[in-house]
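**Student:** Going down the list, the protein sequences come from chains A and B. Number 233 in numbering that gives the first Met the number 0 belongs to position 234 of the first sequence; there are no gaps in the numbering. Number 365 in numbering that gives the first Met the number 0 belongs to position 366 of the second sequence; there are no gaps in the numbering.
Hints were generated in silico from the structure; no laboratory data involved. Errors might be hidden in some of the hints.
It does not matter which identical chain is used: a pair holds within one copy or between any two.
Calculated cross-link-like contacts (lysine to aspartate or glutamate; reagent style EDC-like; alpha-carbon spacing at most 20 Å) [unchecked claim]:
#1 LYS413 with GLU254
#2 LYS35 with GLU260
#3 LYS184 with GLU212
#4 LYS217 with GLU50
#5 LYS347 with ASP321
#6 LYS413 with GLU266
#7 LYS347 with GLU317
#8 LYS35 with ASP48
There are 2 protein chains.
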Amino acid sequence: MASGRLLVEILSIGDELLIGQTVNTNAAWMGHLLEKEGWRVNRCVVVSDEEAAIVDALKDAESRAELVLITGGLGPTRDDITKHVLCRHFDTELVRYPEIEDRIVSWFERRGRTVLQVNRDQALLPAACRPLENPLGTASGMWFERSNGVTVSMPGVPYEMEYIMEHGVLPAMRDRMQQEGRLPKRAHLSLLTMGTGESQLAATLGDMEEALERSGVKLAYLPSPGSVRIRLTAEGEAVDQLDRSHAAVLERLGEWVVSDEGLPVEEALGQFLVRHGLTLAVAESCTGGALGAALVARPGASAFFLGGVQSYSNAAKEQLLDVPGPLIAEFGAVSEDVARAMAKGARKKFGADFGVSITGIAGPDGGSEDKPVGTVYMACEGPSGAMCVRHQFGRDRTRNLAMSVRSAAQLALKLAIEWDVKSKPASRVADSL
Amino acid sequence: MASGRLLVEILSIGDELLIGQTVNTNAAWMGHLLEKEGWRVNRCVVVSDEEAAIVDALKDAESRAELVLITGGLGPTRDDITKHVLCRHFDTELVRYPEIEDRIVSWFERRGRTVLQVNRDQALLPAACRPLENPLGTASGMWFERSNGVTVSMPGVPYEMEYIMEHGVLPAMRDRMQQEGRLPKRAHLSLLTMGTGESQLAATLGDMEEALERSGVKLAYLPSPGSVRIRLTAEGEAVDQLDRSHAAVLERLGEWVVSDEGLPVEEALGQFLVRHGLTLAVAESCTGGALGAALVARPGASAFFLGGVQSYSNAAKEQLLDVPGPLIAEFGAVSEDVARAMAKGARKKFGADFGVSITGIAGPDGGSEDKPVGTVYMACEGPSGAMCVRHQFGRDRTRNLAMSVRSAAQLALKLAIEWDVKSKPASRVADSL
Numbered sequence: 000m001a002s003g004r005l006l007v008e009i010l011s012i013g014d015e016l017l018i019g020q021t022v023n024t025n026a027a028w029m030g031h032l033l034e035k036e037g038w039r040v041n042r043c044v045v046v047s048d049e050e051a052a053i054v055d056a057l058k059d060a061e062s063r064a065e066l067v068l069i070t071g072g073l074g075p076t077r078d079d080i081t082k083h084v085l086c087r088h089f090d091t092e093l094v095r096y097p098e099i100e101d102r103i104v105s106w107f108e109r110r111g112r113t114v115l116q117v118n119r120d121q122a123l124l125p126a127a128c129r130p131l132e133n134p135l136g137t138a139s140g141m142w143f144e145r146s147n148g149v150t151v152s153m154p155g156v157p158y159e160m161e162y163i164m165e166h167g168v169l170p171a172m173r174d175r176m177q178q179e180g181r182l183p184k185r186a187h188l189s190l191l192t193m194g195t196g197e198s199q200l201a202a203t204l205g206d207m208e209e210a211l212e213r214s215g216v217k218l219a220y221l222p223s224p225g226s227v228r229i230r231l232t233a234e235g236e237a238v239d240q241l242d243r244s245h246a247a248v249l250e251r252l253g254e255w256v257v258s259d260e261g262l263p264v265e266e267a268l269g270q271f272l273v274r275h276g277l278t279l280a281v282a283e284s285c286t287g288g289a290l291g292a293a294l295v296a297r298p299g300a301s302a303f304f305l306g307g308v309q310s311y312s313n314a315a316k317e318q319l320l321d322v323p324g325p326l327i328a329e330f331g332a333v334s335e336d337v338a339r340a341m342a343k344g345a346r347k348k349f350g351a352d353f354g355v356s357i358t359g360i361a362g363p364d365g366g367s368e369d370k371p372v373g374t375v376y377m378a379c380e381g382p383s384g385a386m387c388v389r390h391q392f393g394r395d396r397t398r399n400l401a402m403s404v405r406s407a408a409q410l411a412l413k414l415a416i417e418w419d420v421k422s423k424p425a426s427r428v429a430d431s432l
Numbered sequence: 000m001a002s003g004r005l006l007v008e009i010l011s012i013g014d015e016l017l018i019g020q021t022v023n024t025n026a027a028w029m030g031h032l033l034e035k036e037g038w039r040v041n042r043c044v045v046v047s048d049e050e051a052a053i054v055d056a057l058k059d060a061e062s063r064a065e066l067v068l069i070t071g072g073l074g075p076t077r078d079d080i081t082k083h084v085l086c087r088h089f090d091t092e093l094v095r096y097p098e099i100e101d102r103i104v105s106w107f108e109r110r111g112r113t114v115l116q117v118n119r120d121q122a123l124l125p126a127a128c129r130p131l132e133n134p135l136g137t138a139s140g141m142w143f144e145r146s147n148g149v150t151v152s153m154p155g156v157p158y159e160m161e162y163i164m165e166h167g168v169l170p171a172m173r174d175r176m177q178q179e180g181r182l183p184k185r186a187h188l189s190l191l192t193m194g195t196g197e198s199q200l201a202a203t204l205g206d207m208e209e210a211l212e213r214s215g216v217k218l219a220y221l222p223s224p225g226s227v228r229i230r231l232t233a234e235g236e237a238v239d240q241l242d243r244s245h246a247a248v249l250e251r252l253g254e255w256v257v258s259d260e261g262l263p264v265e266e267a268l269g270q271f272l273v274r275h276g277l278t279l280a281v282a283e284s285c286t287g288g289a290l291g292a293a294l295v296a297r298p299g300a301s302a303f304f305l306g307g308v309q310s311y312s313n314a315a316k317e318q319l320l321d322v323p324g325p326l327i328a329e330f331g332a333v334s335e336d337v338a339r340a341m342a343k344g345a346r347k348k349f350g351a352d353f354g355v356s357i358t359g360i361a362g363p364d365g366g367s368e369d370k371p372v373g374t375v376y377m378a379c380e381g382p383s384g385a386m387c388v389r390h391q392f393g394r395d396r397t398r399n400l401a402m403s404v405r406s407a408a409q410l411a412l413k414l415a416i417e418w419d420v421k422s423k424p425a426s427r428v429a430d431s432l
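Looking at chain A on its own, in the form it has when it is part of the complex (with noise of 0.2 Å):
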């Protein structure tokens, strides 16, 4: 094999992919793995279950990268084809494992059910491959050696990939690479900010960005509605200042920096009330419990989320969060009054230091003049006072509901860091309550 970074494309096999039924989160989590390893992943492509597009992408990804990562098409039915397309391209055949076999059968008696002779087939395996343990399903992973590196194939069932990347393909890589004593060095930092824009940050960084990327750092400006990642990556020798360019771009931004690990808002709002010790319950309306899903998506939530009430119906949001009826009535249950009601009530119910509500007309139907479909509004109560903002997103309601829960965690990380600042003052914090 060549020398420094590993190089690796994915090849993702499966119609279902190319026609958008089923998002591509494999190749997302190959990817996060293998940068963190300190590998590089050049291309990754999707091709249909077609013999020919299969062979035309595998050809293509070996001629330039060591490692081959395939997955899909590796289940028992007559639609997956990839190990009878990996024989001929490898020139080999199919030969049973027994000891495959003998497992496949434990397998399926375990669950109660019928072993049928596609099952058994799974442990047809190319003669020319060293199988990979796969005890989460019946489809073994297949590692083949080929002149200028390796292939391996996976069945696209994301846990059963991931047991046999972690379990298979990663030790036997990183051994190989030891051995021939190939140590990557590739890094990257990342930072978030909020209030501004990817030029304006550019403009502000400005001089800076053309230093550091002679030093061999290169930035990137990742801009998601409402917010901007920037990310420094690093190569080679320019691995050791990173860290020191690092903290010189964040004093550059200042205030606009809400999260110097670049985390998304929602989780840069549960570190930020991890640090100051502050807790936070929520009240979703139109959400249905996505904001409280965000925040409790990384681990550790327990130290700052209390919960929160699905208010879908409004008798809930009467009943479980004291929103005086009336006011639903008079202002109706999208409005700015319903919206602080909400958020009062989770602080409240809970016990939080932070409510933070969400109320709004996802659609695509239900919208009126007044308040057309996107209209959303959140609100937030904390121990200084409230904020209510109101958003008028577009028609589509995936995109509105994931703004919505990006936008009441910005309103409440913004809260937070307001009244952080203010309380610093111990005297201050008194005349503020």
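Assemble chain B onto chain A, guided by the hints.
**Tutor:** Below, chain B without anything else, positioned relative to chain A:
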């Protein structure tokens, strides 16, 4: 251009996609849209922000596809190189479009932000392209005619890309196809099964599958943990008999079918409840609201979803769901008894037909010998009784949370179907209550 179905390839540009910092939802969104249009997505490639990689992949895609869709790398910062690469690729140069510059300036003014030169320079576009309007941002789409087709470049921000696709690319491409008299014909129908594996399903369809294939209908099995989606695809003349084939498969698979539209389990649950006029409430501990969020992801959720409690803390379980404190003290918050009490509490508090609960140890910490990380209890209480299951998932928090949501929806769907079957003879409902 060629006759027949339009062949499309997608080229996504961005290191953040390769290293898994961002999941390529753009490709899935485009794939779904193009598929609905009847066009064929042949390949989807992700490359890094490097000129050589972009040009290489672009040439490759253009050699095969009539329509090449590029996303990403159009921001105003130095790391965004797509526009310059396209100028060299199409042998053209940047020219300033005054009307686009005016739009950019007013875009910033409306938001009360300063317009920088780099923002104005977003109005510099290749002379050889036709700009595609993007009212949601500052980067225009670009439409390039080439001898054997069209190449379009769009920003990577999802809603900007979506706007340009819907308002710029689709209408123009449809016109073109119509002028050429090309009417694509391709259709899909799906169904969702639970309770058996893909091999058993394939065995059950057996003879049928070959007959379908001969008549031009292709079957695909898409397994997820606990369920298998089956997709039927027909092209050309076979489209006319797709409905009949679908009905035949539905009949053959009988009670394994839980959704005749192939919806995910959470959506199948919602569909079932709406059809039978039933309601549901949730009580979520470790998932923090993810089940509720999944249930409201589709429009019309208010017809069956009343709400829920995100009882992340024990106090919330007691106070908002009436879970007896001694029960938590004796068995722990993660236990069958507490899961059942949570489901009962949700059902009662919201006055719902079904109450569903989730309580577990999502990890990576917090496990014990008895209840290791990945232990999750789900319970469901309905009009004719309650059920509780214990799952032992793995160590990955994200997967544990996703599997918990899916399994809880499965449990509720199972109970709802059983209740429906039981309740059909009216006399037996009374017996069972």
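**Student:** When the structure is checked against the list of hints, which entries are broken? Sort them ascending.
**Tutor:** none
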